[in-house]
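Here the protein sequences come in this chain order: A and B. 1 is the number of the first residue of the first sequence in our numbering; add one for each residue after it. 1001 is the number of the first residue of the second sequence in our numbering; add one for each residue after it.
No lab work stands behind these hints: they were computed from the structure. It cannot be assumed that every hint is accurate.
Unchecked claim - List of simulated lysine to aspartate or glutamate pairs, DMTMM-like, C-alpha gap at most 20 angstroms: (1) Lys-1104(B) <-> Glu-244(A); (2) Lys-331(A) <-> Asp-1173(B); (3) Lys-1020(B) <-> Glu-111(A); (4) Lys-331(A) <-> Glu-1025(B); (5) Lys-331(A) <-> Asp-1134(B).
Said to hold, decoys possible - Simulated restraints on C-beta separations: (6) Ile-184(A) <-> Arg-1129(B): 49 to 57 angstroms; (7) Lys-85(A) <-> Trp-1042(B): 32 to 40 angstroms; (8) Asp-220(A) <-> Val-1116(B): 37 to 45 angstroms; (9) Val-1116(B) <-> Lys-190(A): 27 to 35 angstroms; (10) Arg-1005(B) <-> Ala-185(A): 54 to 62 angstroms; (11) Lys-85(A) <-> Pro-1046(B): 53 to 61 angstroms.
We put the beta carbon where it would ideally sit given N, CA and C, even for glycine.
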Amino acid sequence: MRREISLGLLYSVTGTYGAMGRDSLDGALLALDEINGDETCPIRFKVISKDPGGNIDSYHRMSEEILREDGCRHVVGTITSIGRKEVIPIIEKHDALLWYALPYEGFEACENVIYTGAAPNQHILPLFAHLIPTYGNRVYLTGSNYIWGWETNRIARELVLATEGEILGERYLPMDDCDVARMIAEIEQKRPDFILNNLIGSSSYAFLQAYHALGKRDSDFLPAKRPVVSCDLTECELSDIGFEAAAGHLCSAVYFEGVDNPLNTQFRAKVSEKFGSARPLSAFLVGSYAAIHMLAEAIADAGTDEIEPVKKALFSKTFETAQGPITIDAKTNHAALIPHLGRINDHGGFDIVLAAEAPVAADPYLVDFDPQVFADQVARDTEAGARHLRLVK
Amino acid sequence: MIRFRTPNFRGRHAVILHRKSNGTEQLARQLERLGMTVEICWPALPTENLTADVIFFDADNGFDGLFPWSPGEAPMPLIALLGSELPGRLEWALAQGIASHVVKPVQSSGVFSALVIAASNFDSAKAQRAELQDLKARLGRRPEVIKAVVNLMQLGLLDEDAAFGCLRSAAMDERITIEEFCSRLDGDRLNQLILHQARGKWRVEE
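All chains, please: the whole structure from these sequences, using the hints.
Right under this line is the structure:
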């Protein structure tokens, strides 16, 4: 007799960042199909899925419903940091566990959250360690007007200043605002070595389209010379931007579709079977898929869905996933992950430029980060033309 | 110079002055995540070799004499662990000169910000105390300045503003405060000053 476990899914699949939510939800549902269809698995999930629609007021109410009325002890979801911060107090009140699988800005280590997405030392640090020696340290910062953009840009500013570089501008847009003309005009005038894009959803798409138009007008702004770089742009949004407009820009992620391992080959086949062969794979799709499998394994190992035994089971093993081996650090509740750098190609995917040789432990509070060491390394790499991450292609 | 402003507590030592509980353990875990070392003790602080960079203390059960220094004189930032909101308890915690607080039950969030706020408040309180002491000392020597101004007015036949200006310029030339300068002003130096003032120079030559 298989034990039934209630599981909450909380993804905004509508609203301005709906594409990220739909990709995350699809990854979760694919994993749930597999687990529920596997008669040898000792548990099956009863899924309660809710869509806050990107409306911040809905997160509180919906997470409360999932935990109180549906009796779930585990919730997988939230996309933005605002959503996660809104849900955490409810999760703590019910002593439940939130599984958060997206890159975020760090400075958090809640005992009731498992973080399987990248922290700053796994996304922006390796990204800048590569970009500054390659393109220079005169940088322009953009973002949507909330904590992800503010804090990631703050870290970027400190990294750039540590190398005695210069921030040429820092501009924000409200979520869903596509009025990017002022940013583009400023970039055209100041000619930064590269642009960090922390805009999300439709603002980000509008920005990349406008930058593409600028590049057509003036070849000094082609991505080969002055790329736009991001830490949260994945395969799932490239069609919204337009393949031509997106091509050539760079992103940091813990997974790209082209990751070369047998489990990723299997994952690609499963996604093709369920969603069709045209469906791109992304860090969001694979991230929620892996999180659900880790959760199921940990519950099966623990023999209960109570959170302390589940955490103990989770911390004690290495999970082989399509994105590589994943361990969760008992000290921080964060996953060790492999940072990758990808360049967007012209057919809706990424070419992997670099990848770290081994998983990097998360350092959510940047405790072990030393700006002097970073500056010295950047100076050495600038001189040598070397690369921080292992060159894979 | 590397200007990195992200607060970092790596290698710092925290003492938690609170009976052992789930809350203190959670607090200790969070501090260790921030790269700190932690010691939990109650009710007495280790008086010998107290190397704490910060002290978290139980404000609900704290009592006079808990700390081996006078209230407000702590040599490191104090962070109150507050469960009760009774005015009497808050008054006692404030009297200890707390730099910030954490609400009980302790959760993972709130500890980092309490540390950052405490470090900032402690540093600015220290700077303000030093400035206050300096100003008080200078205020205490004001009569010497008045005496010097009066002497210079009488002997040098100057008006009040000119006499004060003369003293201030001479003090600035020697890179000392006007109070310090006036306290050293004996008869000879005063005569020299008048002489130089008459020649259009303020400097007192040794």
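Requested in this report: Assess, step by step, whether the Cα of Lys-1104(B) is no farther than 20 angstroms from the Cα of Glu-244(A), and give holds or violated.
Outcome: The hint is violated at about 54 angstroms.
**Report entry** Satisfaction of hint between Glu-1025(B) and Lys-331(A), Cα-Cα up to 20 angstroms
**Finding:** At roughly 13 angstroms apart (the allowed maximum being 20 angstroms), Glu-1025(B) and Lys-331(A) satisfy the hint.
Query raised in the report: Val-1116(B) and Lys-190(A), beta-carbon distance inside 27 to 35 angstroms?
Result: For Val-1116(B) and Lys-190(A) the Cβ distance comes to about 33 angstroms; the hint holds.
Query raised in the report: Does the Cβ distance between Lys-85(A) and Trp-1042(B) fall inside 32 to 40 angstroms?
Result: Check passed, 33 angstroms falls within 32 to 40 angstroms.
Query raised in the report: Lying within 49 to 57 angstroms: is that true of the beta-carbon distance Ile-184(A) to Arg-1129(B)?
Result: Given a distance of about 51 angstroms, which is inside 49 to 57 angstroms, the answer is holds.
**Report entry** Range hint compliance [Cβ, Lys-85(A) to Pro-1046(B), 53 to 61 angstroms]
**Finding:** Check failed, 38 angstroms falls outside 53 to 61 angstroms.
Query raised in the report: Given the hint that Lys-331(A) pairs with Asp-1134(B), does the C-alpha gap stay at or below 20 angstroms?
Result: 47 angstroms, violated
Query raised in the report: Between Asp-220(A) and Val-1116(B), does the C-beta distance stay in 37 to 45 angstroms?
Result: 42 angstroms, holds
Query - Hint consistency between Lys-1020(B) and Glu-111(A) [alpha-carbon to alpha-carbon, up to 20 angstroms] - result: 19 angstroms, holds
Requested in this report: Could you tell me whether the CB distance from Arg-1005(B) to Ala-185(A) stays inside 54 to 62 angstroms?
Outcome: Since the Cβ atoms of Arg-1005(B) and Ala-185(A) sit about 30 angstroms apart, the hinted range of 54 to 62 angstroms is violated.
**Report entry** Holds or violated: Lys-331(A) to Asp-1173(B), with C-alpha atoms at most 20 angstroms apart
**Finding:** Violated, at about 59 angstroms.
Hint compliance for this structure: hints 1, 2, 5, 10 and 11 are not met, and every other hint is.
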